[in-house]
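Q: Each protein sequence line maps, in turn, to chains D and V.
Every number in my numbering is 32 more than the matching position in the first sequence, counting from 1.
Every number in my numbering is 3 more than the matching position in the second sequence, counting from 1.
Honestly, the hints are just simulated from the structure, not real lab data.
A virtual CB, placed ideally from N, CA and C, is assigned to each residue, including glycine.
It is possible that part of the hints are untrue.
[Said to hold, decoys possible] Some chain D residues close to chain V (C-beta under 8 angstroms, calculated; not the full set): (1) P72; (2) G75; (3) L76; (4) L79; (5) D87; (6) F121; (7) N125; (8) L134; (9) F136; (10) G137.
[Unchecked claim] Cβ pair distances, simulated, as ranges: (11) V:P64 - D:K84: 18 to 28 angstroms; (12) V:S30 - D:Y71: 45 to 55 angstroms; (13) D:G110 - V:Q21: 46 to 56 angstroms; (14) D:Y71 - V:S98: 13 to 23 angstroms; (15) V:K16 - D:K92: 17 to 27 angstroms; (16) V:E101 - D:V114: 15 to 25 angstroms; (17) V:G59 - D:Y71: 42 to 52 angstroms; (18) D:G110 - V:T17: 45 to 55 angstroms; (19) V:T17 - D:P146: 26 to 36 angstroms.
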Amino acid sequence: GNSVTQMEGPVTLSEEAFLTINCTYTATGYPSLFWYVQYPGEGLQLLLKATKADDKGSNKGFEATYRKETTSFHLEKGSVQVSDSAVYFCALNLGGGSQGNLIFGKGTKLSVKP
Amino acid sequence: DAGVTQSPTHLIKTRGQQVTLRCSPISGHKSVSWYQQVLGQGPQFIFQYYEKEERGRGNFPDRFSARQFPNYSSELNVNALLLGDSALYLCASSSPTETQYFGPGTRLLVL
Numbered sequence: 033g034n035s036v037t038q039m040e041g042p043v044t045l046s047e048e049a050f051l052t053i054n055c056t057y058t059a060t061g062y063p064s065l066f067w068y069v070q071y072p073g074e075g076l077q078l079l080l081k082a083t084k085a086d087d088k089g090s091n092k093g094f095e096a097t098y099r100k101e102t103t104s105f106h107l108e109k110g111s112v113q114v115s116d117s118a119v120y121f122c123a124l125n126l127g128g129g130s131q132g133n134l135i136f137g138k139g140t141k142l143s144v145k146p
Numbered sequence: 004d005a006g007v008t009q010s011p012t013h014l015i016k017t018r019g020q021q022v023t024l025r026c027s028p029i030s031g032h033k034s035v036s037w038y039q040q041v042l043g044q045g046p047q048f049i050f051q052y053y054e055k056e057e058r059g060r061g062n063f064p065d066r067f068s069a070r071q072f073p074n075y076s077s078e079l080n081v082n083a084l085l086l087g088d089s090a091l092y093l094c095a096s097s098s099p100t101e102t103q104y105f106g107p108g109t110r111l112l113v114l
């Protein structure tokens with residue numbers, strides 16, 4: 033079946049450290065891929081997306097590249113800030129007739145210390 | 004522009020009761036999806052509605068139902084509440100490019 037696997041958290045980093053959160057997926061067809069972020073007590077915010085192989089999504093210093101050959105969509109940021117502390121979710125959407133069906137990973141909690 | 008809005012923000016019910024959650028999509032969005040997020044997990048898909056018709060349903064029992072109104076707002080109903088229904092219920096509306104934008108959620112606690 034279709035699924036998303038994220039690295040286990042929590043991840044604790046010092047401010048200005050480099051961040052990588054791994055995400056791999058299993059899907060039939062050609063999914064769109066997303067990263068969402070959830071701050072404490074809030075809903076999900078779209079961070080970035082990529083809709084086809086080799087696309088790079090980017091936003092607020094975060095980047096992720098759609099790698100079809102490794103079925104991956106790893107999230108990276110060169111220098112994290114305390115304000116980046118949140119839970120990050122990788123997700124896929126097969127689109128088309130099932131466009132409403134986002135499939136999420138379990139989330140990775142990031143804590144950034146000053 | 005206003006984002007996705009949901010009401011109420013918090014709700015406490017007892018087992019066996021029924022609950023109705025409400026969602027208003029972003030203006031111009033015709034598709035609404037509902038998700039359940041249990042503490043510590045990723046959201047799980049419950050329903051999608053588009054133009055007032057059900058387009059998809061996740062693996063949830065018949066106690067869960069939903070509908071969409073002519074103004075594209077939506078309601079999620081859950082009957083015969085169980086302790087395990089305690090969760091954050093998220094509504095998302097979809098843009099024409101299919102990107103989903105989420106509301107702040109309704110936190111339901113079943114005692």
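Q: Could you run down the list of hints and mark each one as holding or not?
A: Comparing the hints with the structure gives:
| no. | hint | in the structure |
| --- | --- | --- |
| 1 | P72 | violated (12 angstroms) |
| 2 | G75 | holds (4 angstroms) |
| 3 | L76 | holds (4 angstroms) |
| 4 | L79 | violated (11 angstroms) |
| 5 | D87 | violated (13 angstroms) |
| 6 | F121 | holds (5 angstroms) |
| 7 | N125 | holds (7 angstroms) |
| 8 | L134 | holds (6 angstroms) |
| 9 | F136 | holds (3 angstroms) |
| 10 | G137 | holds (6 angstroms) |
| 11 | V:P64 - D:K84: 18 to 28 angstroms | violated (36 angstroms) |
| 12 | V:S30 - D:Y71: 45 to 55 angstroms | violated (24 angstroms) |
| 13 | D:G110 - V:Q21: 46 to 56 angstroms | holds (50 angstroms) |
| 14 | D:Y71 - V:S98: 13 to 23 angstroms | holds (22 angstroms) |
| 15 | V:K16 - D:K92: 17 to 27 angstroms | violated (38 angstroms) |
| 16 | V:E101 - D:V114: 15 to 25 angstroms | violated (33 angstroms) |
| 17 | V:G59 - D:Y71: 42 to 52 angstroms | violated (28 angstroms) |
| 18 | D:G110 - V:T17: 45 to 55 angstroms | holds (50 angstroms) |
| 19 | V:T17 - D:P146: 26 to 36 angstroms | violated (43 angstroms) |
Violated hints for the displayed structure, listed by number in ascending order: 1, 4, 5, 11, 12, 15, 16, 17, 19.
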